[in-house]
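K.L.:
Protein chains in written order, with my numbering: chain U, 1 to 65; chain V, 1 to 535.
To be clear, the hints were calculated from the coordinates, so they are not data collected in a lab.
C-beta atoms are modelled at their ideal positions from N, C-alpha and C, and glycine is treated no differently.
Mixed in with the good hints there might be a few duds.
Chain U regions said to be covered by chain V (calculated; three or more residues, Cβ under 8 Å) [unchecked claim]: (1) 17-23; (2) 30-44; (3) 57-64.
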Amino acid sequence: MEERRRPSRWWYALLVLPFVGLLYPPLYTRHDPELFGFPFFYWYQFLWVPVAALLTWTVYRALRR
Amino acid sequence: MTVEHNTDAVALVVFTLLFVLVTGLGFVAARWRRGDLDHLHEWGLGGRRFGTVVTWFLLGGDLYTAYTFIAVPALVFGVGAQGFFALPYTIIVYPLVFIAVPRLWVVAHRRGYVTPADFVRGRFGSRPMATVVALTGLLATMPYIALQLVGIKVVLGAMGIHGDWPLIIAFAILAAYTYQSGLRAPALIAIVKDLLIYLTVLVAIIYIPSKLGGFGNIFDAAGKALPEKDPPGALIPGKTDAQWAYASLALGSAMALFLYPHALTGALSSQSANTVRRNAAILPAYSLVLGLIALFGYMTIAAGIKPASPNDAVPDLFLHYFPSWFAGVAFAAIAIGALVPAAVMSIAAANLFTRNIYREFFKPDATAREESSVAKIASLFVKVGALLFVIVLPTKYAIDLQLLGGVWILQTLPAVAIGLYTRWLDARAMLIGWAAGMAVGTWMAVDLEFKGSVYKVFGINAYEGLWALALDLAIAVVLTAILRAAHMGDSADETVDDDYEEIEPTGVEPLPATPEQARFRREGEPVTPPERSRD
Chain U
1 MEERRRPSRW WYALLVLPFV GLLYPPLYTR HDPELFGFPF FYWYQFLWVP VAALLTWTVY
61 RALRR
Chain V
1 MTVEHNTDAV ALVVFTLLFV LVTGLGFVAA RWRRGDLDHL HEWGLGGRRF GTVVTWFLLG
61 GDLYTAYTFI AVPALVFGVG AQGFFALPYT IIVYPLVFIA VPRLWVVAHR RGYVTPADFV
121 RGRFGSRPMA TVVALTGLLA TMPYIALQLV GIKVVLGAMG IHGDWPLIIA FAILAAYTYQ
181 SGLRAPALIA IVKDLLIYLT VLVAIIYIPS KLGGFGNIFD AAGKALPEKD PPGALIPGKT
241 DAQWAYASLA LGSAMALFLY PHALTGALSS QSANTVRRNA AILPAYSLVL GLIALFGYMT
301 IAAGIKPASP NDAVPDLFLH YFPSWFAGVA FAAIAIGALV PAAVMSIAAA NLFTRNIYRE
361 FFKPDATARE ESSVAKIASL FVKVGALLFV IVLPTKYAID LQLLGGVWIL QTLPAVAIGL
421 YTRWLDARAM LIGWAAGMAV GTWMAVDLEF KGSVYKVFGI NAYEGLWALA LDLAIAVVLT
481 AILRAAHMGD SADETVDDDY EEIEPTGVEP LPATPEQARF RREGEPVTPP ERSRD
């Protein structure tokens, strides 16, 4: 029987992005620009919640056989 | 302004009604998705049958504890941005979960493992290393349970109820339904708890800022007030030291979270590896809520409320802005939010004791029935211990020990997490690495007199747990290399490569291929897995 092609493991690389975006604070330790009264430091990190969830979901869908 | 903690009849009635409702659910849970509770994997893992939605509620209730809801805003109220590391922490934890936990789920399912120490025992064939993983888990979990009691104490105090009796009653009820229903009780209760938390946060995050002139005003007020505090806080971490501390706390806490026995108990109770993966994508909804709750700390500052202790920041904020009945709902959400993790933690501790102490050292041929009754009794002892802890000793001890618990549990990472991918590390080397990590991590915390959790080494200001882990890993790697070079390496491993591969990744189980496999599914006893055809 022919085995179905295994999806590329490179999809996992997407999961590195939240680490890069959040573990290097100089990227976001600033006050401006503000959004809805939130300093950049806060809304930037809040924004990562849906972004990271979406990345995880994308990898899940791509790797599901 | 200070907020009085008067006895509030309306809030108390609402609070009590919700508490009674949840108690009923806890007992009814035994009959939910009925299984034979005389088996440890039924009592202690809910039969490994929870689907995506139930797992989401259970893990949400399990990981985002009542104490978190009190302590995170308290920290933000006290020091500002530094306390906000909880948000990046609970974001980056899920990619880690996505990568590692499904693999553990698969091998645990295949081999009938219930605890992380079961896995270490099988993978490395090392009784000492497995015992050490079990003891570290027990040690880290106990103060964590105690802190849940502290959470209940804080909200009871806010409603003017003091003394130990209400705590003892709450915990006796919790102990009774955990004993009877096992993991099914917190899973069912978590649904109510999470709905109440979402309701409370939604109302608070819309209503309170509208009274305080919007988020702009709230951040401005916090930005002005924080530098005046002693020690001074900041709205945004500016110095390099503060930034290192921020990032390393987020990373270290994320790495520690799923090494905790209660987190793994929640994950292993799900019905498939894909259930775990899907949850890694949807659990961040709770992180959003946690981030918003953290901002309550700033709202307390902006409202000019001066709580007697930082832990009262959120209760005082609610008392000031909410009518009595809704304050009752909010406080019930927090108190019920303490019951879910307390139950899961005590079950996880009981599983560890039963599998890795009792069966390992006292009764290797324990039957399934004996295992589950020992676990039930152990869960009672764990809760009594936590209760005594909070009643007899000052709260500070529980907080300090919980802080240390995070440092300690990280030292099991080489065996539990790296062990999932490679059998290269030597059990004896890991044991020495573990001991060194535990000693150095504890020493750092004591040296700082528990006033912080970041320590300066080589001019870098980072989380103690990570420093200890670095030493732990370095020792494990170097000693393993030496042992292997001297041809003294160990290689015992009952798991095989196939144990880590999903046969049917869709979550639908195929029909059992052999009578052994059918028996394994029914009874959860470890058996040799059937050979897979490779055509």
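K.L.:
All the hints need checking, so say for each whether the structure fits it.
P.N.:
Structure-based check of all given hints:
no. : hint  : in the structure
1   : 17-23 : holds (count 4)
2   : 30-44 : holds (count 9)
3   : 57-64 : holds (count 4)
Hint violations for this structure: none, all hints satisfied.
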